[in-house]
Amino acid sequence: AQTVTQSQPEMSVQEAETVTLSCTYDTSESDYYLFWYKQPPSRQMILVIRQEAYKQQNATENRFSVNFQKAAKSFSLKISDSQLGDAAMYFCAYRSRNLGGSEKLVFGKGTKLTVNP
Amino acid sequence: GAVVSQHPSWVICKSGTSVKIECRSLDFQATTMFWYRQFPKQSLMLMATSNEGSKATYEQGVEKDKFLINHASLTLSTLTVTSAHPEDSSFYICSASSGLVNEQFFGPGTRLTVL
Numbered sequence: 044a045q046t047v048t049q050s051q052p053e054m055s056v057q058e059a060e061t062v063t064l065s066c067t068y069d070t071s072e073s074d075y076y077l078f079w080y081k082q083p084p085s086r087q088m089i090l091v092i093r094q095e096a097y098k099q100q101n102a103t104e105n106r107f108s109v110n111f112q113k114a115a116k117s118f119s120l121k122i123s124d125s126q127l128g129d130a131a132m133y134f135c136a137y138r139s140r141n142l143g144g145s146e147k148l149v150f151g152k153g154t155k156l157t158v159n160p
Numbered sequence: 002g003a004v005v006s007q008h009p010s011w012v013i014c015k016s017g018t019s020v021k022i023e024c025r026s027l028d029f030q031a032t033t034m035f036w037y038r039q040f041p042k043q044s045l046m047l048m049a050t051s052n053e054g055s056k057a058t059y060e061q062g063v064e065k066d067k068f069l070i071n072h073a074s075l076t077l078s079t080l081t082v083t084s085a086h087p088e089d090s091s092f093y094i095c096s097a098s099s100g101l102v103n104e105q106f107f108g109p110g111t112r113l114t115v116l
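Line by line, the protein sequences are chains A and B.
So the first sequence is numbered by my numbering: it starts at 44 and just counts up by one.
So the second sequence is numbered by my numbering: it starts at 2 and just counts up by one.
A hint or two may mislead.
[As the list claims (entries may be wrong)] Label-pair ranges, simulated between beta-carbon atoms:
hint	chain 1	residue 1	chain 2	residue 2	range
1	A	K98	B	G2	16 to 24 Å
2	A	S145	B	E64	18 to 26 Å
3	A	E72	B	S10	33 to 41 Å
Since the hints were derived computationally from the structure, they do not count as laboratory data.
Idealized CB from N, CA, C, for every residue including glycine.
Make the full structure from the sequences, and use the hints.
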């Protein structure tokens, strides 16, 4: 079974600075997706960024980028120019991409990000 | 973007009663819907996966007779918490997938409080 580990229960960053959230995962599959979701105080889950395992290029979405290290099974999220609105819980998630594989997401325990003004 | 709604957004009920939570995909057909439970300051725990027109697949440890899931149409899935008890109080979140894009779209969640 796949597992996702987020080793940082809490992180803080100064506004306008850069912060990196860590995520490692364990799987025997070769093809899969990795996601970072944001859950603000409203508790609405918001997709931040997605990475397909077969793509070597790291995904980027504006101020958000990932460092995907497939061999190390590492998938960290970098938030640049942090804004107060980035304060939230961040969840790393894994999904199988194999034919016949489950669509279900496996979530890490989350990292609470605080942005200080 | 794809929108998923949940109703109600919060509900308070007495112990022993049943509560139904609806999850609707508003602008796409959801072939698969997922139900999650989230305790305060914890991650999302998948309860079950439902495909339209077939029985839900429950995760290990989730009581299928207590958490009844129906996915009768491509836009609606319901979760019924039967004979609710205070320990069932939690935040319930649904998500939906069309199978066409590799993304689940999440509803805003339902806060259930059982007195």
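If you test the structure against every hint from before, which numbers come out violated?
Of the numbered hints, all hold.
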